[in-house]
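**Student:** For the sequence shown, numbering that gives the first Met the number 0 begins at 0 and goes up steadily by one.
Since the hints were made in silico from the structure, they are not lab data.
Given the structure is predicted, the values throughout are model-derived calculations rather than measurements.
Just so it is clear, CB atoms sit at the ideal spot from N, CA and C, and this is done for glycine as well.
Do not rely on the hints blindly, as some may be mistaken.
[To be verified] Label-pair restraints from in silico Cβ distances: (1) Glu29 / Phe63: 36 to 44 Å; (2) Leu32 / Gln59: 39 to 47 Å; (3) Ser36 / Thr4: 26 to 34 Å; (4) Ile57 / His28: 38 to 46 Å; (5) Arg10 / Ser36: 30 to 38 Å; (6) Ser53 / Met0: 50 to 58 Å.
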Amino acid sequence: MLLETIERVNRLRQQALSDPEFIQSAKAHEKALKDQSYHYAAKTKSAKQRKDRSLADIYQQAEFGHRSESSKH
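Full structure from sequences and hints, please.
**Tutor:** Here it is in structure tokens:
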């Protein structure tokens, strides 16, 4: 069953690649994707970069309680 599906997909792929209209459509689609990804990439670069912080920096203001010796798990 899997082999039949692979063979069918391969035949359809070869048929599509021999069709000039399909090739032209695929190139137009590829160009549209590149243009779209370029616009999205430009927008993300304007975002403010986050500074790396250590856990000590993040929790500097926090107070942690101490466990009493009598409580055991």
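**Student:** Now, for every hint given, state plainly whether the structure supports it.
**Tutor:** Checked hints:
1. Checking the proposed 36 to 44 Å range against Glu29 and Phe63 shows it is violated: the Cβ atoms sit about 55 Å from each other.
2. Leu32 and Gln59 have their C-beta atoms about 45 Å apart, which keeps the hinted 39 to 47 Å range intact.
3. Separation of Ser36 from Thr4 is about 31 Å and conforms to the stated range, judged on CB atoms against 26 to 34 Å.
4. At roughly 45 Å, the beta-carbon separation of Ile57 and His28 lies within the given 38 to 46 Å, and the hint holds.
5. In this structure the hint that Arg10 and Ser36 lie 30 to 38 Å apart at CB holds, the actual value being about 31 Å.
6. Judged by the Cβ atoms, the range 50 to 58 Å given for Ser53 and Met0 holds: they are separated by roughly 54 Å.
Figure legend: structure checked against the earlier numbered hints; the only hint not met is number 1.
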